Amino acid sequence: DTAVSQTPKYLVTQMGNDKSIKCEQNLGHDTMYWYKQDSKKFLKIMFSYNNKELIINETVPNRFSPKSPDKAHLNLHINSLELGDSAVYFCASSQEPVLKQFFGPGTRLTVL
Amino acid sequence: DQQVKQNSPSLSVQEGRISILNCDYTNSMFDYFLWYKKYPAEGPTFLISISSIKDKNEDGRFTVFLNKSAKHLSLHIVPSQPGDSAVYFCAAARYGGSQGNLIFGKGTKLSVKP
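Heads up: the protein sequence lines correspond to chains A and B, in order.
Each residue of the first sequence is one higher than the last, beginning at 1 in the working numbering.
Each residue of the second sequence is one higher than the last, beginning at 113 in the working numbering.
Calculated from the structure, these hints are not laboratory results.
Mixed in with the good hints there might be a few duds.
Unchecked claim - Capping the alpha-carbon separation at 25 Å, the derived lysine-lysine pairs in DSS-like fashion look like this:
1) 9(A) to 221(B)
2) 40(A) to 183(B)
3) 44(A) to 225(B)
4) 100(A) to 117(B)
5) 41(A) to 218(B)
6) 52(A) to 22(A)
These figures come from a predicted structure and were not determined experimentally.
Just chain B, with the same shape it has in the complex (with noise of 0.2 Å):
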C-alpha cells in the first residue's frame, strides 16, 4: 500500500529546459513534504520541502508546489542542468506524527542531456 507514489520511473530533459517530477500522496494526514535527490553510491540529499500551510516554496532553481485538494506536489527544476542528472525521491510525513517517520516514493530517474 503505496502511501507516496511517483508514477514516472524514468525523465530525460533537455540541459537549459525545464524538468517536471511529479508525487502523489494518498494519506490526507500528512503535512509536510520533502524532496531528495540520490547519486549512485551515495545517500539520498536534501533538496527542498513544503508544508502544508503553503503552496509553493522556492529555492533557486528548484521550486516544489503542493495542491493539497488534489494530494499532488511536483519539483520543478528550472534551468535543468546536467549535474542535475540523479534518482529523486518525494516524502511525506505528519509533523509531529510518529518521530521522524518518512515515506518516501519510488523515486524518479531524471537524466539532463547536454
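Same shape as in the complex, but just chain A (with noise of 0.2 Å):
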C-alpha cells in the first residue's frame, strides 16, 4: 500500500500551459507539504495545510495555489507555466507539523 502518492509522475508541457498535480495520503494525516526540488537539488518548502489553515512560503510564486478538497488530498496547481518551474515536486504529510514528514515519489515537471 503507498502511503503517499503522486500523479503523474512525468509532466512535459509548454510554457505558458495550467497544470495540475495529485497527492493523496492514505496514513490519516493531518498536515499535507508541497516541496519544490530544483535543479541544484536543494529541497524547499512550498506549502503547507493543516486543518483548513494554509502556511505559504512567501518566496513562491502566486501562480502556483494548492487545494484541498478532503484531509487526504492535497493536489497543486500551477498557472502560466514558466521555464524556471521545471523541477521535482515532492508531496508530503505528517501526523502533527514539523515531525517526521513522509513523502510520495516525486513529480518531475518539465517546462518546454
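Join the two chains, each given in its own frame, into one complex according to the hints.
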C-alpha cells in the first residue's frame, strides 16, 4: 500500500500552460505539504496545509496554488507555467506539523 | 542563505565500516533535526530524528549525534551496507514554528562499496 502517492510521475508541458499535480495520503495524517527540488537539488517547502490552515512560503509565486478537497488530498495547481518551474515536486504528510514527514515519489515537471 | 549545510557532496565507504555524515546549521532557534534517505526516482524516506533536549539518538545501525554549542549534527551508520548507498538529507525545524517548515541541506551522496 502506497502511503503518499502522486500523479503524474512525469509531466512535460509548454510554457504558458496550466497544469495540476495530485497528491493523496492514506495515513490519516492531518498535515500535508508541497516541496520543490530544483536543479541544485535543494528541497524547499512551498506550502503546508493543516486543518484548513494554509501556510505559504513567501517566495512561492502566486501562480502556484494548493487545493485540498479533503484531508487526504492536497493538489498543486500551477498557472502560466514558466521555464524556471521545471523541477521535481514532492508531496508529503505528517500527523503533526514538523514531526517526521512521509514523502511521495515525486513528480518531475519539465516546461519546454 | 543556507541555514542547513552539508558540506560534503559525496562520501565513499567500504562495506562493514562506519559512515559518518555531517551537517551544520546556523539558526540557533532550530530545536528538532531529522535525517532522510533518498534513492533515485523516489521520495525521501525518514531515517531518524533528534530533539535539542538530547545529544544522541540511536535506532539500530543508525545513530544521530547533536552538538548544540557547535550547531552540528552527524549521522553514523555502523556497519555500512551496500543498500545504504543513497543521498542523505539533513533537515532542521523549530518545533511549534511555521507549520512543518523543514529546512533541508543539499544532501550527501553515500556510496558503500562491497
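Outcome of the hint check:
1. 9(A) to 221(B): holds, 23 Å
2. 40(A) to 183(B): The given pair, whose Cα atoms are some 24 Å apart, holds under the 25 Å limit.
3. 44(A) to 225(B): Cα-Cα ~31 Å, so violated.
4. 100(A) to 117(B): holds, 20 Å
5. 41(A) to 218(B): holds, 6 Å
6. 52(A) to 22(A): At roughly 17 Å apart (the allowed maximum being 25 Å), residue 22(A) and residue 52(A) satisfy the hint.
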